[in-house]
Structure formats: C-alpha cells, structure tokens
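**Q** Below, each chain spelled out in residue letters.
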Amino acid sequence: MSPLTLTANSRRVLERSTLLRSLGLVLLGGIVLYVVSGALGDYDRLQLATGAYYFAALAGLTMLIGCSGQISLGHGALMAVGAYTVVLLIGDNDWSVVPALVAAVLVSCAVAVPLGAAASRLRGPYIAGATLAVAVGLPALADRFPNAFGGSNGLIINPPTPPSWLGSNFSLEHWEAWIACAGALVVLFVLYNLTHSGVGRSLRAVRGDEIAAALCGLRIGRLQTLAFVISGGCAGLGGALLALVLQLAQPDAFPLQLSLTLLTGVVLGGLGSLSGAVWGAALLVLLPGWSSDIANSLSLSQNVGNNLPFAIYGLVLIAAMLVWPSGIQGGFMALRRLVSTRRRSTG
Amino acid sequence: MRFRRFSRVGPALAAVGLVCAVFATSVYASSNGGSTAPGVTATSITFGTHQPLTGPAAPGYDEIAPASQAYFDYVNAHGGVYGRKIHLIIKNDEYDPTLTVQVVHQLVLQDNVFGIFEGLGTPTHTKVVGFLNAEKVPDLFVASGCPCWDKGTAQPYTFGWQPNYTIEGKILGQYIKQHFGSEKVGVLYQNDDFGNGGLAGIEDEVAASHIVSKQPYESGATSLATQITALKASGAKVLVEFTVPIYTAIARITAYTLGYSPQLVVSNVGIDPHTVGDLLKSVSKGKVSGDALIDGAVTDGYLPSFSDTSNPWIKLFMKVKDQYDKSATFDGNVEYGMAAAYTLVQALEAAGQHLTRTDLIDAVDKYGGSWRGPGLVPFRYTKTEHGGYDGVQMAKVVGSSIDASGPVLSTPPTKGSPIVKYLGGQPAPPANGIPSD
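Going down the list, the protein sequences come from chains A and B.
To get this note's numbering, take the position in the first sequence, counting from 1, and add 58.
To get this note's numbering, take the position in the second sequence, counting from 1, and add 21.
Honestly, the hints are just simulated from the structure, not real lab data.
Yeah, the Cβ is synthetic: ideal placement off N, Cα and C, and Gly gets one too.
Don't take every hint at face value.
Between beta-carbon pairs, the in silico distance windows are [as the list claims (entries may be wrong)]:
(1) B/Ala98 - A/Val156: 30 to 38 Å
(2) B/Lys157 - A/Ser68: 22 to 30 Å
(3) A/Asp150 - B/Thr405: 22 to 30 Å
(4) B/Thr377 - A/Asn216: 24 to 32 Å
(5) B/His375 - A/Pro221: 31 to 39 Å
Only chain B is shown next, with the shape it has when bound in the complex (with noise of 0.2 Å):
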C-alpha cells in the first residue's frame, strides 16, 4: 500500500533510464580522436550525400547518385586517387529538409564523411550550408542551381556546380526574344530559390510587357489545374517552365486535358526525355505516348547530350556505366552524377596526397576556373566565385533524346550583363578516362 504511489513514477523512470541506455550503447563509437582529417585514411576517402531516393523529386533524380558511385568504382578499380579509394555514403531524405538537416548531421557527426558531394536539392541543401560552413566541412558541388550556393566570402565551404539558374533563365530568355519575340510568354516555376533564380534570369532579357502570366507552384503541390488555366487564359504563346521532372510532366498533362499546347522552354533540370516520358506515361496511366508530348520543347545542356553516342565523353560514360551500373538505363541524370563525379575527382587530384579539408577547399578555389572536362564551358570557380559552370548551349527535345545545337554561351549571373559565345571547344577525355593533375 505505502509503495502503490512510487510505483507510478518507477515505471516512468526506468523508461527513461532504459532508453537512455541505448542511447549510450553508440557512445564514442563516433568519436574520432585523432589528428587527422576525418573520412580520410592512407587507403580511402568518405563522402556523404543526400538524395531524394523516394518522394516527389526522386523519379531520374535517384538515379544521379549511384551514376557518381559507379564512376568512383571505376576510378577506385584503376587504383583511386593517390591510393585511395573513393566511397559515397547516399542518404535518402526524400526532398523533404527537416530530413535533409538530419541526414547531414548524421554523415558528419557519425559517419565522419571528409565532405558532402553533390547534395541535392535547393530548399533541402539551404537548411544545411550554415550548418556545414560553421564545421568547415567542403560541401562540394551542390546538384541545384540556385544562386544561393556563389558566396565565395560568406560560405567559403560550399560549391555550385550546375549553371546557376539565373545565368540559365538568361540565356533561354535571349533565345525567346531571337526565335518567338513578338508572342505571348507565361512562366510556370516552383516558388523557391530555383524557380525565382530562373524567372529573374527571364525577366532579365524579355521584356516585362511581353510576360503575360507568372504562376509559381509549391513542391509538394498535387495538382496544376489553376495554374495551367491561368496560363492558358493569359493567351501565352510560350510557356517557359522552371520545374522538376514530376511537375514539368504534371503540368503537361493538364495542359493536354486542356487543350492548351503552347511552345514548350524548360530548364535542363527538369526536361530530361526518358524522365519524364516514363513520368508522363504514368501520370497518364499509359494514355499517351511518354516522350511524344514533349517533343519539340526547347531547353538547353552544359555537357554533351547523352543522346550524342559520337561524342567521346558519352563514351566513356556509357561504358561506366555498363561496367558499374547496369541496372540503369543511361539518360541526363546519369551523365550528370559521372560528370560531376569527374569533377570532384579532379578536385581530389589537385589538392594533393596530403589532404586536409582547407586543402580540397583551396585546390577548387584556385585551380577549379581552369579545369575542363566533360561540361562545355568553364567553372566559375575563385575564392570569392562558387558558382560552377558558366553556360549552356540552346537544345531541343527531338523524340527520346536532346538535340544541342548553335553557340555556346556563356555569362555572368548579374542582372544586365551581356551574354558571350564561348570559343574555348571541348576538350577530348584523357585515355583512360580519369583527370590527372
């Protein structure tokens, strides 16, 4: 009887205890007391990633990192970088931030990665830059384009990689004032730093005047029914679309329910043809032919289309991928997770056998602007410049694959400056398909 009210707050205790101890069970597990660099030994090199694996983003995004991973098991077959052998440790956090946050903090605290490579995402991977700059962790060549990540000064930890929206929005803004001047523009755009980026890019070069409807959607969002009326209403002639795979497939189908079928300018990251002619098939449950309803839709690369089976560097990453991924079928996301691996391998390269995480940092900032490679322009790369590519080249969907045609160019990202052709050509790949420094 004495014992009958301690015996309510006994149970409450012992839960807190026993959980507690399986806390603890983990203690020091993470800890790493030497001297060193973590995630990197004599005989390896860690990095962590966060992708969306599931959700919304994940269909063609999941299939960028293990194309990186594969061209790591290609480089880590020839011997690695100074001996070591590169790992990538994917994390899924399935676009969604709160996930991002916690995925990051477990690769750096736990897993002790030496760098997060090729992040994705722009609402996800913002949560994480202050995180990673104030642990001095190299948050290298994030898969966005958001201006967000070129703040050399501010966030000297973190890379771009992709052309920055902006710099993109602008060239595809001249291209629409050469070839549709006098129609009719309506811009569909995920309303976040992607989507602003790309739309501050077109309304850099088309006149305001002649941008007859604006309509942002939120990720996440299931439907684009009041948007895509919008744009029909508004009488655009040229729809410009700065949106992911689902939503640039999405929004296609609702237009075609409409009845409303205006030329077609997306941005790279959401145009791929195998993508989104396998979203649209499914959203349409099979109704329409995949890729039939995006041909014609005029968009734009910085690396040779996967669809150009002449160019040397699709070579060699058809044969990666058949060596080290072969479950994939090759496209843009693929091409685009080895050729950011490249780069990240000839950062590796350069920043020398004794490798420090200032030392990757420094190397980038110093060597990256004259690195080439697979893309068909420069890095912005300085120790104030974090931008990444600096171009693209105009392109047009033509059945399953991506036609590039016309100068390359190239261009700064603030507002009025002038778009350039870029002469500097591609360079062939080195023979045995690994940068040396």
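Isolated chain A (complex conformation) (with noise of 0.2 Å):
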C-alpha cells in the first residue's frame, strides 16, 4: 500500500465515523486549550473558564432550539439545579469535583425530564410561557426554604485546590479553567455526537415537519423529551461549572435575565451549531466588560454612566441582529458561500 492510498484510507475512515471526528475535535480543542490557558494571566483564565461554562449551557440550548425546534426560558433554572447540587455535595458533604459534576448533570437532567415531558405537549409561545415559569419560581425556592438552600445569602464552598503534582505555582484560576473547559469538551463530545446521529436526523425531522416525520414513524413526544433533558444535562454542568468558579450558588446568580441571556447569546453566535455556541460564549463574556470600558472612557455624569454599559449592550445586540441576522456563525458561512460562488463564476 502506498503512503497516498493509506492517507485516503484514514480520511474515509473519518468521513465515515463520527466517533473518530468529534474524538479528533475533541482532542484539538483540548490542545488549543490547554496552550491558551497555560499563557493567559490569571483573570484572563477566569474570563475563559466562565466561557466555558456559558459554552456549556448555550450548546445544549442551541441543540434544542436548532434541532428539535423547542425554545426553553427556563435552561437558568436548569443552570441552577446543577449549580445548587454541586455546592450541596462539595460543601455539606465533602465530595469531590468530578462525581459532583456528574451528579450535577444527572440531577438537572432528572429535573428536565417532567419539564420535557410537559414541553412536548405544547407548541410555540406556550412552551416558551411554561419554561419561564420555571425560570422565575425555580430559584424562588433557596428562599423558600433557607435552611436548605441558605436564603437569599446563597451558600458558598472552597475553591476546588489543584492537585499538588502540578507544582505551587499552578495557580486556582488555572485550575478552575482546566476543570470548566474539560466541562465544555464533554458537552462538545456528545453534541457534537448527537447531532451527526440518527437521533440527530430523527429530531431535525421532527423541528421540519411534525405530522410528516410521526408518518415516518419517528415518536415526536419522546424524541422532544430526549432532546429536553439532555439541553438540560448541559445547563446543569453549566451552572456546576459556575458554582465551582464562583465558588458560591445564590438565587441572585440565576434570575430570569440569565435564561433571557442564554437565549441571546444562543442567537447572537448563531442558530443550531455548536461553533455558533463558542461565539455566542465569548460574546456573553466579553461584551459586558467592554461596554463597561467604553462608558468608563467617556466621563460622564454618574446617573448616565452607571446605565450607559446597558443601553451599549442592547444596542451591540441590535446592531449585530440587523447585520447578521443568523449570527455570527450564519455571518461566516453566508461570507464563505459567497467567496466560493465568486471563485466558482470567475473560475
């Protein structure tokens, strides 16, 4: 066998596996990763690893929005279950990171089941009205029950320590991103999956055309149920993973503007793919900082520049919707499809 045929061989291989290519994914992220975060000063870490976590809850939204066609409010509320089961296991009963974040997952999934179930009765607005249901009274409940959950006060854990073979001098914002960005692989892992399987296929018949893929055999409620909990496994290691950069689960941390921002963030990047969810991840990390920069650049009067960095923020997302309107990642594939018309017309 020639070199040339073995390299054509290993390339259908990958074409044909999807197991191979997202492990290939998986493996180049995790590369890139790890450099960008060895050299990152330790906030810049922090910032990455808290786009790690949006990463993770933006993907398993984007899945469910852009393949089974269901929108959810509620994925802060999901978001917070995992948050508050972690802080409960590590703090109150002294767990360690990795069986906390998969009791975390499995916890916000066991929630997200009879939300999924109910979702999948209703249609259009009316889901979205259910899940923000859930959004508002879910995290009402640490109120409500303040010896549990502490009260509006939250309840707070230690810092995860990194483990002594790495040296002193690693420091816990590395640590922290190391751990959130192991998070976001895993959900990229099984997205990415998913997504490319007949499962995947089932659902994006079923977003196209209901009555045709139920002819086709396909069972609608339970195919949108599956797609439900698993979104929802995805925003409870989100909100594990920033239970454990933030070191505390509090109600304030889940309000309905982190679901209404999950959202944005999922539209912003753009609709259904998982590179669209990375965007929309550094755009929810990135943006509220430099719009604080440019209002704290301009001196103005205290009253306007304590709110500028809010109406800079809408307007960015108004902006961004009016120029591309299917996201930054719809943005690129539209540049790119015309570039290759171009070379194609001229060539």
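Dock chain to chain to rebuild the complex, using the hints, since each chain is given by itself in its own frame.
**A** See below:
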C-alpha cells in the first residue's frame, strides 16, 4: 500500500466515523485550550472558565432550539439546579469535584424530564411560557427553604484545590479554567455525536415537519423530551461549573435575565451550530466588559455613566442582529458561500 | 465532496481559535513581575471597590464611593499620603453576588489593586472574603455592619467599619425597652446576615414575649404586602426595620395604603431621609411628599448627623463635597463615603512610607483602636477584633434631617454584655482636614 492510499483510507474512515471526528475535534480543542490557558494571565483564565461554562449551557440550548425546534426560557433555572447540587454535595458532603459534577448533570437531567415531557405537549409561545415560569419559580425555592439552600445569602464552598503534582505555582484560576474547559469539551463531544447521529436526524425531521415525521414512524413526544433532557443536562453542567468557578450558589445568580441572556447568546452566535455556541459564549463574556470600558472612557455624569453599559450592550445586540440576522456563525457561512460562488464563476 | 464532512469541523475549530486569540490579546498585560506590592508606586496607590451603582440597592448607596473618591481627590490635591496619590477604581456589581465575585477578581488579578476598600453589601461581600484573604489582599472597611467581618484570626485581611448590626440592634432594643416598654414589637428584616444580625441584637434586649411578629423579606423582592399585612394583624405598635432604603420606602408605602402607622425604629443603613424621601416620592409616583411619611422615625448614628451643619466635621465634608463632588446632594451617604475615606488615609499614614500589604494590615491591628476622627466612638480594632465602630447614639428623623440626642452608647456585640455610655467626646478635625501620623 502506498502512503497515498493510506491517507486516503484514513480520510475515508474519518468521513465515516462521527466518533473519530468528534474525538479529533475534542483533542484539538483540548490542545488549543491547554496552550491558551497556560499563556493567559489569571484574570483571563477566569474569563476563559466563564466562557467555558456559558458554552456548556449555550451548546445544550442551541441543540434544543436548532435541532428539535423547541424553545426554552427555563435553562437558567436548570443551571441553578446544577449549581446547587454541586455546592450542596461539595460543601455539605465533601464530595470530590468529578463525582459532584456527574451528580449535578444527573440531577438536572432528572428535573428536565417532567419539564421536557410537559414541553413536548406544548407548541410555540406556550412552551416559552411554561419554561418561563420555571425560570421565575425554581430559584425562588432557595428563598422558600433557607435552611437547606441558604436563602438569599446563598451557599459558599471552598475553591477546588489544584492537585499537588501541578506544583505550588499553579494558580487556582488556572485549575478552574481547566475544569471548566474539560466540562465544555465533554459537552462538545456528546452534542457533536448526538447531532450527527440517527437521533439528530430524527430530531431535525421533527423540527422540519412533525406530521411527516410522525408518519415516518418517529415518536415525536419521546424525541422532544429526550432533546430537552440532554439539553437540560448540559445547562446543569454549565451551572455546576459556574458554582465551582465562583464558589457560590445563590438565587440572584440565576435570575430570569440569565435565561434570556442564554437565548441571546444562542441567537447571536448562530442558532443550531456548536461553533455558534462558541461565539455566543465569547460574546457573553467579553461584551459586558467592553461596554463598561467604553462607558468608563467617556467621563459622563454618574447617572448616565452607571447605566450606559446596559444601553451599549443593547445597541450592540440590535446592530448585530441587523448585520447578521442568522448570527455570527451564519454570517461567516454566508461570507464563505459568497467567496466560493465568486471563485466558481470567475474560475 | 471529500472535504464536505471536514468543512463542518473547520468552522468550529476556527471559532475556538479566534476566540482564544481574542482572549490572548491581553496576555501579560496583567502580569506584574516586580517585587514591590501590587498597586503601589512612589507616586500612587490604587484601591478598588465594588458598589451597587445600579439595581435595587443603588438609590442612595451609589453616592458613597464617589464621595470617598472626592475626599481622596482633596487629599491628593494636598500632596497625597507620603507623596502618593490615592486612586479608587469603582466597579458596579449591581448588588449581585455573582458580579461581585467577577469584578473583585478583575480588580485584584487584572487591575492589580493594592487592596479593596469599602466593598458594599452583606450578601455581596461575603462571597469574596475567602478569596481576598487567600490572596492576602487588604480588604479594608467593608461597607456593611455584618458581624461576619469581625474575625481577625480567621480573616486577618478583612476589617469592618460601621457598627456591627448586633451592636446596633442591642442599642435600638434597649431604647425600645426604655421608651415603648409595654408595646408590642414587630420586626421587618432582610433575610441575610444583615437582618439576622440586627434581629439578634433586638432579641438580646427586648423580651421575647413582646416581639409579636418577625417578618423576613428577600433582597430583590418587589412587594412587602404579605409582611406588612402580617405585622399589622399582629398588632405591633413598634416596627423595627433592618432594611436597605428601597425596602424602607416600600414598607412605608405599603403600611400607608393599609392604614397601618406604627412607631418606626429603623437601622441607620436604611433611613437616610434624603434617599428614602426621594424613593417614597418615586414609589408613590409623587402622591406623597417624601420625608413626611418617615417623620418621627427612631434611628441611630455613629457619625455626627449630616444635618448638624455646626459640627466641624460636617463643615469639612461639605467643603470637600462642594469642591470635588459637585453634583451630589450632601446627605448621610456622602458623609459615610468621606468618613470611611478619612479612616483609610489614617491607615495609610500609620502604615508608613515603605508600604506592603501586610504593613497596612499591621497598622490597623496595632493603631486602629486609638484612631479618632468623625466617628462618635472608637473602633474595635485589635489583632483579633476587626469590627469597626463600637457603638451609636440614638437619633430621630425630623423633617429632612436627623437629630441625634442622648448619650453616646457603646457595647461589645456579645450576647448579654452591658451597654455603657462612652464619655470620650469627639475631637475636632485637623486644621487642613487631613489626618497626620
């Protein structure tokens, strides 16, 4: 066999095997994140960790909306479920990080089951309404049961300590960035395989035309519930990572706004694509900082200056939706199509 | 055709790469290789603070940090401390603990501040005390009276400043016992360490049989109708409130519409007449004239009343405000910001010219207990006590001012310990308005 056929063979294997492709993607992502997290300063590592936990939640949500066509305004509450699980397990029961994260995913999946089952019976604005109620109601449980959940003060945990073999100079922020990025890569792996599998195709069929899909023998309710549960598990992992990075679970961390912000991130990044979720996460992390930097650089009166970051944030969102109606990822795809048609017509 | 599948992977990778590149733009910008303490040079020293500039706690409290800044500007114009100009980076955390964690990390790790000064709020600041002490960052004069700052051994870098809410609760409780001894007492309190600390103080002094209703509320709540209805039903004639200004206003409006008018006894953090008056006006959409509704409310103070314009400290602070914080109205919050800034300058003076983070902490531990300034009482600062002012003077809201009267009282926060009169008096401010070593 010549080397040429070998590479051709391996390429064919890669084309056939979603699993191998996703592993390659995770490996490459891991290397990039390893290098980047090593080069960054401690504050930027924290930003990276923030981006990673946002990515976990956004990727789950974008899969739900883009693949199965359901909308959820309740993912902020599912993040809260993950966060409280981790904090209660680590803080009260001294669990170590990995089992606590796994438990957080399982618990939020369990909470998502009835939600998903209810959502699969609803359509359009009614799903939005039902999930909205969850976003408003669930975090309020912490206030209702202050003995278990610490009320509005919330619960605090000690930061995860980096293992000793990493050396004494290895900062806490570096370790947090690693944990969060590892979580994000797991989400990437699972969702990449899901969307490229038969289940993903079935989900897209359901989104395209429910009646046609049902006639083909797909069980609509079951598929939609499945999508909701997986997406809820991702949100739970995102919340759990948030709790680890910030070392707290507190009702104010999961307001209704968070659910709306997640939706904003998904739409701005590009609905239904995992790269879109990367963009969305980056925007959610960087945009607030940029807008307050801009506001601070103009020396304005207190009342205007304090509120300007919100106005700038809003304006950027409006502008972005006008320029890239299909999100940043959609914008890039359109750009690439444009370039390739030009090349074809000239060539 | 062959590359079609790869093309799906491509954009994802490109996205990851680009995002990382964006993060990487600020690499090394934040690293500080030198051996000197972060945030301090020969000509400047930088502190950071987290403040609610927007959100539920913003009304009134958003004046505090700018007032501190104004006092620092005044000191800087007179040459600073040991030739160093004091800078204050103010970050908005919206009274949201998640944001507090983020902005404090940013201040310490990215902006390389020397310390955190006057971080505001109990639910907020409790989430960063662990981080600041782990990183050995001075965390001076937290703007909250939570008893939880007073742990010199466990949290050597954190210092409270205003009287601990339990001290305040005890003294308010004693006043209630003496003046409304036979009345039924109701308590409305924020359901966190702020409200619980105050409640503990009240319960230490007022007999349990007299407290007929204890109603907590959550910060962020939009209505207090349930709580006020319950308090009215309980027949409480004296209503004690451990509330931030917006909830003092909401409680008052709700009571007004329910026809419930108990004698108010409100923690000093929640009754600045200017702030609450404005809030009442806006909450009622102009239907009631603000401060008339809180006229006669009993409260306390640990600084001279801002409306006592004959006091030399108030004269000094008003002068500084007119020069460096022109847009503000002089009220209790502005006074608070300036007085806390004064204490920080005292600490910097005492820490000496060659400054490290531990020097500043040692200076407060060692000398803080003897510092006098605008406060009516001394501080409880020793190696193990990091509690702030150790007492208050009772006062009453009259119109748009606060009239202090009676003896200055002081007590330790411990349960059952006696309340005594403080007879040390208040010294006059230094001639140039700047503390000297």
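**Q** Confirm or reject each hint.
**A** Right, here's what the structure says about each hint:
1. B/Ala98 - A/Val156: 30 to 38 Å: Given range 30 to 38 Å: violated, Cβ gap about 56 Å.
2. B/Lys157 - A/Ser68: 22 to 30 Å: Distance hint for B/Lys157, A/Ser68 is violated at roughly 53 Å.
3. A/Asp150 - B/Thr405: 22 to 30 Å: The hint (22 to 30 Å, Cβ to Cβ) holds, given that A/Asp150 and B/Thr405 are roughly 29 Å apart.
4. B/Thr377 - A/Asn216: 24 to 32 Å: For B/Thr377 and A/Asn216 the Cβ distance comes to about 27 Å; the hint holds.
5. B/His375 - A/Pro221: 31 to 39 Å: At 38 Å between Cβs, range holds.
Of the numbered hints given earlier, the model fails hints 1 and 2; all others are met.
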